[in-house]
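*Asks:* Listed here are the chains, written in short residue letters.
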Amino acid sequence: MGRIPIADVRLRWYLALLVPCFVGHVLQMISEDEPWAEWAWEHALVNAGWHLLLPDWVPWVVTAALGGAVLGLAVAVLRQNNERTAFLMVAVLYAAHYVTYPWRIRNHMTTMLGGLGVVALVWGMAWARVALRVGFSEARRVDAAAVRGLAVVIATQYFSAGLHKMNTGFLDPSIDGTSSAIGGLTAFWVYGDLGSMPPIWARYAATYGTVLIEMGAPLLALLLPRIAPVAIAVLMAFHFPQIAVMNVSDYPMIASGFYVGLLSRGDAHRIARCLEPSHWTVGGASIGVAMQLWFMPYWGGLMVFGIFVMSLWGWALGAMAHARFKAARGPGAAPSSAPHSSPTD
Amino acid sequence: MSVSPRGRALDRWLLSTVIVWASLLAINNSLPYLGLRDDSCQTMFCDMEWGRDWNTHYFIPQHAVSDVWASLDVSDVDIAPPPTSRRDQALARWLTEPGRVRNTEAVRVGLWQLCGSGHRVALSVRRADGEHAFVHQEDACAVDALSAPHLWVPVRLYAPDEPVRARR
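Chains A and B, in that order, are what the protein sequence lines are. Counting from 136, one number per residue, gives the positions in the first sequence under the working numbering. Counting from 2, one number per residue, gives the positions in the second sequence under the working numbering.
Just so you know, the hints here were simulated from the structure itself, not pulled from any lab data. Watch out, some of these pointers could steer you wrong.
[As the list claims (entries may be wrong)] Reference listing, derived: stretches of chain B covered by chain A, where coverage requires no fewer than 3 residues with Cβ under 8 angstroms from a Cβ of chain A:
#, segment
1, 46-54
2, 83-96
3, 124-137
4, 148-159
[To be verified] Just some of the chain A residues that point at chain B, by a computed CB distance under 10 angstroms:
#, residue
5, V277
6, A290
7, A296
8, L306
9, P308
[Unchecked claim] Restraint ranges, calculated between C-beta atoms of paired labels, are given here:
#, chain 1, residue 1, chain 2, residue 2, range
10, A, L188, B, S3, 53 to 59 angstroms
11, B, I28, A, L188, 23 to 29 angstroms
12, B, D74, A, V265, 45 to 51 angstroms
13, A, V424, B, R87, 44 to 50 angstroms
14, B, A160, A, G465, 52 to 58 angstroms
15, A, W262, B, D74, 49 to 55 angstroms
16, B, V4, A, L213, 32 to 38 angstroms
17, B, D79, A, V196, 52 to 58 angstroms
18, B, I20, A, A462, 30 to 36 angstroms
19, A, H414, B, R166, 49 to 55 angstroms
By construction, the Cβ of each residue, glycine as well, lies at the ideal position given by its N, Cα and C atoms.
Generate the whole structure from the sequences, applying the supplied hints.
*Replies:* See below:
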């Protein structure tokens, strides 16, 4: 399997995006878990889990091995060589990290595991059915299924997150209520110099809008791949306040790694042709960086990482807008060899 | 473009794999309503509160089938002999820190380690939800409900402690 190249550009993008995802994960561990601190060690003792049954050094060795595997994946993606082997090593070590690391077994780790797991499972099943072996390869079909798996996983995760939020606490738009959405929105409003208190329409957008976007946008993109670029733009806009003022840029980065799975193969190829530096991409990245610099309340590891995430997203949005613009100009604007969008892509 | 029977069979097989995996994730994400887990169930920032048979969700009911979700008020802790190792002292500090309620499973994990290192632990304990009375246990190590964690569960299911706050 390791010698069969990745046959889908969307999957290669996902593998490449895993590298910044892990950077965000490490920054989150360093800035919040502080595993070297006395309090963190004490905390680990009362967190249930298999780490209690293992020698103290095991979680550290697994984490270090995972770091090495991620570097290996980065090299493999750059050289476009042995990407499957590098990915499988990352997936196995991440599963070990998941069950041995005593602190951060949070939503972002489960979502990450969901993505790594679905790709590894699809490849494993395909290998078992002789569809990923040299001479019998159906890599294009298999990798398309893995991409579809990423889309289904992220749609499931977003849908669940939106469903949980349909409660009296989160949907309370009052300023003095308990809703995290209102807390985040107020910080966004204040640090963005938009005013001292968000207006009522913004509060309804932050509460009901969050539920609507989380439950609707990924699902619609999954069912109607043609609207995926718009859904992705909506999801990125939805996550921006979290990156800007809530110090959680790691999770939006992880989630956005899955967005490539929502794109049709045709759209992905059109976007790939627009990824080079241009007014669209450089302009998008510049706007993203400027927005983060304007809103972020302080300098910190994840805030600086947020600058990177916003530049990446701005670049991607610029490329998507450029691709859409070229497509709208007519068939002469795109090479006739461009693959066409299909719901089955 | 026609697809070969082998290709169609492969597509079906791979799609089934994806659906099974996503279903497992969806089941995991629904565990808060069974009182089995909220860590890693996409509940972050959802602001939902729950008890044994109630929650603040608009339409999904709550039915806790276990006590791993519940918090405990712990007081009058007496550990004999007094802990001397760094590990046991840390556990004792966590167990006696004021102003916190402690997750039931986390208390089990803490007591399991203290009891395992030869200490006898006496304490008073009550469920933090509702109007429960304190029960004093002279030898908590002999009470499985307080000192026998579910060791087969690989990761924590709920945060180990949180500040005391008004509860419904």
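*Asks:* Work down the list of hints and note, for each, if the structure agrees.
*Replies:* Hint-by-hint comparison with the structure:
1. 46-54: Three-residue rule met by the segment 46-54 of chain B, so holds; n is 5.
2. 83-96: The restraint on the segment 83-96 of chain B holds, since 5 of its residues have a Cβ under 8 angstroms from chain A and three suffice.
3. 124-137: It is violated: at least three residues are needed, and the segment 124-137 of chain B offers just 0 whose Cβ sits closer than 8 angstroms to chain A.
4. 148-159: Holds, because 8 residues of the segment 148-159 of chain B bring their Cβ atoms closer than 8 angstroms to Cβ atoms of chain A.
5. V277: holds (7 angstroms)
6. A290: holds (8 angstroms)
7. A296: Holds. Min distance 4 angstroms.
8. L306: holds (8 angstroms)
9. P308: violated (12 angstroms)
10. A/L188 x B/S3: 53 to 59 angstroms: holds (55 angstroms)
11. B/I28 x A/L188: 23 to 29 angstroms: holds (25 angstroms)
12. B/D74 x A/V265: 45 to 51 angstroms: About 60 angstroms separates the Cβ atoms of B/D74 and A/V265, which means 45 to 51 angstroms is violated.
13. A/V424 x B/R87: 44 to 50 angstroms: holds (46 angstroms)
14. B/A160 x A/G465: 52 to 58 angstroms: holds (56 angstroms)
15. A/W262 x B/D74: 49 to 55 angstroms: 53 angstroms Cβ-Cβ, so the 49 to 55 angstroms window holds.
16. B/V4 x A/L213: 32 to 38 angstroms: holds (34 angstroms)
17. B/D79 x A/V196: 52 to 58 angstroms: violated (38 angstroms)
18. B/I20 x A/A462: 30 to 36 angstroms: At 32 angstroms between Cβs, range holds.
19. A/H414 x B/R166: 49 to 55 angstroms: The hint (49 to 55 angstroms, Cβ to Cβ) holds, given that A/H414 and B/R166 are roughly 53 angstroms apart.
Hints 3, 9, 12, 17 from the list above are not met by this structure, while the remaining hints are.
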